[in-house]
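Produce the entire structure from the sequences given, and follow the hints as far as they go.
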Amino acid sequence: MSPLCRSISDTELAVLKALWEVGEATVRDLQEHLSVAGFNWAYTTVQTLLNRLEQKECVASTKHGRAFRFCVTTTRDDLLHRELGDLAERVCGGAALPLVMSLVEHTRFSKVEIKRLRDLLDDLEQPSKKKSKRKPRTHSLARRSAR
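This note's numbering puts the first residue of the sequence shown at 1, with every later residue one more than the last.
What the hints contain is simulated information worked out from the structure, not anything from laboratory work.
All the given hints hold, so there is nothing to weed out.
For each label pair, taking beta carbons as the anchor points, the in silico distance ranges come out as:
| id | residue 1 | residue 2 | range |
| --- | --- | --- | --- |
| 1 | ARG118 | THR62 | 43 to 49 Å |
| 2 | PRO98 | LEU13 | 21 to 27 Å |
| 3 | ASP10 | ALA96 | 19 to 25 Å |
Computed list of lysine to aspartate or glutamate pairs in EDC-like fashion (alpha-carbon distance at most 20 Å, straight line):
| id | residue 1 | residue 2 |
| --- | --- | --- |
| 4 | LYS56 | GLU24 |
| 5 | LYS115 | GLU105 |
| 6 | LYS56 | GLU12 |
| 7 | LYS56 | ASP10 |
| 8 | LYS56 | ASP78 |
| 9 | LYS63 | ASP29 |
| 10 | LYS17 | ASP77 |
| 11 | LYS56 | ASP86 |
Every value quoted in this text rests on a predicted model; they were computed, and no experiment measured them.
Every residue, glycine too, gets a C-beta built ideally from N, C-alpha and C.
Now the structure itself:
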């Protein structure tokens, strides 16, 4: 993730989420999508938010005719990693363990999620063996605890 793509406001995050859902979109397309989702923002508001996100290198734009089309340049996982890292730094002096422990202690997990946590811990305990060829998993810890 770009080092500039940080400090995302809640409104900017709503725009990013909408872009993750629709893919590439014009300001007008995105305004309509956000309106259906309950965000009744003016065209200029959406445009301003997209411009801020572009300055932070979270989205990119290309000109198509008279309109600009925007697309996301970061993934949800990258943003989650950055936000959790920032939270650990601000609240826990950079230590991740208190953050992880709090998430684990205050979240109800399904059996499948518990198995995934165990697998992750097993992978961490075996650093001398070949790194797992498994694709990094998308963890739902932060999303579930925020409910």
